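J.: Sequences listed follow chains Z and F, in order.
The first sequence begins at 88 in my numbering and counts up one residue at a time.
The second sequence begins at 88 in my numbering and counts up one residue at a time.
Do not rely on the hints blindly, as some may be mistaken.
No copy is singled out in the list; a pair is fine if it fits within one copy or between any two copies.
[What the hints assert, rightly or not] Below are the BS3-like pairs computed for lysine-lysine, each with C-alpha atoms no more than 30 Å apart in a straight line:
#, residue 1, residue 2
1, Lys432, Lys324
2, Lys254, Lys320
3, Lys254, Lys432
4, Lys249, Lys432
5, Lys390, Lys324
6, Lys223, Lys180
7, Lys249, Lys324
Please keep in mind that the hints were generated in silico from the structure rather than gathered at the bench.
Bear in mind that the values here come from a model prediction, so they are computed numbers and not experimental data.
Number of protein chains: 2
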Amino acid sequence: MPATYTICGALIPIAEGYTTVDVQIEAERIGAIAASLPVVGTLVDATNKLLLPGFVNGHTHSPQFWQRGLIRQLPLELWLADVFDSSTRDLEKIYLGALGTAINTLLSGGTCLMDHLLPIPNYELETIAAAVRAYKEVGIRAFIAPMLQDQSFAAGLPEGMKSLALKPFPLSTGEVLAQMEAIITQFHEPEAGIYIAVGPTGFQRCSDELFAGCVELSDRYNLCRHTHLLETKAQYKLARERYGGSAVHHLYQLGFLDDRTSLAHAIWLDEPDIAILAETQSTVVHNPLSNLRLGSGIAPILKYRQAGVNVAFGCDGAASNDAQDLLESIKLGSILHNVTDFEYKHWITPRAAIAMASTGGFKGVNLADQVGSLTVGQVADLVLYDLTNLSLLPRTDPVQLLVLGRPAQAVDSVWVQGRRVVADGVMQSVDGDRFRQTLLHPAQEHSSPQFPMIHQVEAHYRTVMDLPECGFR
Amino acid sequence: MPATYTICGALIPIAEGYTTVDVQIEAERIGAIAASLPVVGTLVDATNKLLLPGFVNGHTHSPQFWQRGLIRQLPLELWLADVFDSSTRDLEKIYLGALGTAINTLLSGGTCLMDHLLPIPNYELETIAAAVRAYKEVGIRAFIAPMLQDQSFAAGLPEGMKSLALKPFPLSTGEVLAQMEAIITQFHEPEAGIYIAVGPTGFQRCSDELFAGCVELSDRYNLCRHTHLLETKAQYKLARERYGGSAVHHLYQLGFLDDRTSLAHAIWLDEPDIAILAETQSTVVHNPLSNLRLGSGIAPILKYRQAGVNVAFGCDGAASNDAQDLLESIKLGSILHNVTDFEYKHWITPRAAIAMASTGGFKGVNLADQVGSLTVGQVADLVLYDLTNLSLLPRTDPVQLLVLGRPAQAVDSVWVQGRRVVADGVMQSVDGDRFRQTLLHPAQEHSSPQFPMIHQVEAHYRTVMDLPECGFR
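I would like the entire structure built from these sequences, with the hints used as guidance.
T.: This is the structure in structure tokens:
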């Protein structure tokens, strides 16, 4: 049973400006919000602190924690070859990667994450178990979408199956779905804050049968759906080649898109695609850092908002966003789009950005009716920011400072499902310094590591993407 | 006389990978770099630390320190109305703003900044004196370019002089230049690390005579030249209206462009303009955060690099980049351009980015022959980063982690002109906590402050920029 708290004197944003309130947390929920409340349970002094609902990191890949700073400057399809070649096969590193990702999320304002998690081949259940162990230990709310595919790497490239002799994917669609069901029955535990979601990696390496099987599992077990969508121009070309049209329309026909579906990236969409996302109430998860790092493009976020498509923010994995700071994603993901529209009245304000990160994020994982706003009766996923932190001074507009500044260690306290998991900036259930020591060894510099698979793919990629044959790298 | 140091066991990047060296600092300069050196002076243990040359914050406006988080989401021309309306007129705040900007720069890897400083009217010399006091106290290398203009706000807008009834600029060109010369003779003191530069604000509010006068002062006193250049589409339109052609060509004809000239923003340039920058060896200072925040555009940085134009990084003022973190500018300023060119072999690598920030930055202020690289004989502007900081773990490629990650408090030590101004992450000559306390009061939330001047300008701006007459804000 979580403890009871009275947060006293917290600044909260209201329609016009700010006000100062007390907030009671009782039995996991926000029990009361008022100007002055009797102190019940633990008193938390929130003088000079800003209280906001927790944010959602709507898309990440926790094992890539070990690939931070490792991968060269490459577009997704070639970067992916390096990522696959350097992925960890160590279950302890899976656990530590999830731990690190959860800590980064909590200390940057997130109370919930969507881990699109690539299992270690032949150790699929053990991989999920390692991540679940970490998330329970830290106390974050975690969606785990095991990344599924039933087609080879070659299938993910335009003309890939014609020209690339890469090994086929080793499991059948039925085997992949059977594993997925085993994961669901073993690990899906919403009351503990651990949710399994169906996560086909993306249409580019998944058959229609795999998508259909995921839809069936999602319906039967009431699970969220998550996938990569049209992250690159190569994927846009591939969809035209494979379906003779739009990947979004194809997923729509397969019944994959609904109000429990979140779609990572969603960069190369046309107007009719956007209308489908609005109609199906699907959520776009915007990963601006990764989209720049991989040269994928600028997602049409202002168009999504104008069309009524729900947009959340994500960090993406550390191999393509070498930091895992949700506030950084929120900042860049809001200001980036100002250069796409001269009509400044369309620009995303800092207040809109925090609504996208909280309400929008929880809507994307189908929990917005229970969590994501400062409302009495909602489950208490709350974050308290220290406004006396140097990175938030001098004090002007606190939400503008938080979103447009570069807060460093400004998170004072975090509650997840009413449980205080961060207090005074310190993780409560994990020894942060011991975790840091664990990461210190071995401290061996990797410089421009050379991985083999890219050499099988690069010439083909350059041909299909109309890049000159001889690079000068 | 600065002290002598032996930095022992520092990791430094070399052509292939990294190596570990000792570095001696003697009489302001790098005295020796070798695998093993006798300890002279103060021993600095650099085990698990990365040593790099200091970076240059090539463009900022220190008084905007007080406008962090304050200004709404607006394009430059309207934002500027709010900025002018909310600029500080308090000399103590000028001093504290310069102090804060210098601290932010040092703790994010910079040893030098270019402060394009708007003096308080009628207190021009006092304004410069306040900033100089702060920079000397902190011990940063500072260029101060007093921001000069001799035309009104209205002149800076297309058709502005025709349609806008704003008050004319109160000083004549001669008066402005006389003030500038007084500032030079009183404050230009290179041996103390304080350099005055000529800084006409931009062609949009400066006459040809003012530019000519600045060129003459620059030549006579051997000063750097600094100006805003073609930051917005409105400025591009204005140049066509005023000169019948390119602002770059016009500045070239005025003799303003040379290898001591740095140009902030440089977004709306055509191919012939780029050729002029290359020919004159001018430097572009890239301010990516500000350019997104104000919707100004994405500067064609990859084209500049291909044309041989020197590019440095800047933060710009805190009213348009509410953080002042140089590493954030370097990160965004390198990855942003990946979406502008599918040829990934053109993308800026982290190693190229740190060269732009150090060598490129010092070239922009005409000091690259003396400072900006890890070379024996160069003046010691050096920064040591702690690789055991959680934000730089797990250890993969240290330079990739530094540039592509989100380092928080990773700066261990900073030397400027051989003087250690940061040690163990702590400012040596300024009490950081006392500074923070100074900023705490008054802590009054400002929410959506309403400033008057924008109402005189917005309708005109919307008309000349072809935006619909009735906004729906």
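J.: Each hint: holds or not?
T.: To see whether the hints hold, each was checked on the structure:
{"no.": "1", "hint": "Lys432 to Lys324", "verdict": "between (34 Å within a copy, 21 Å between copies)"}
{"no.": "2", "hint": "Lys254 to Lys320", "verdict": "within (24 Å within a copy, 51 Å between copies)"}
{"no.": "3", "hint": "Lys254 to Lys432", "verdict": "between (51 Å within a copy, 28 Å between copies)"}
{"no.": "4", "hint": "Lys249 to Lys432", "verdict": "between (48 Å within a copy, 26 Å between copies)"}
{"no.": "5", "hint": "Lys390 to Lys324", "verdict": "both (22 Å within a copy, 27 Å between copies)"}
{"no.": "6", "hint": "Lys223 to Lys180", "verdict": "within (16 Å within a copy, 48 Å between copies)"}
{"no.": "7", "hint": "Lys249 to Lys324", "verdict": "within (15 Å within a copy, 50 Å between copies)"}
The structure shown violates none of the earlier numbered hints.
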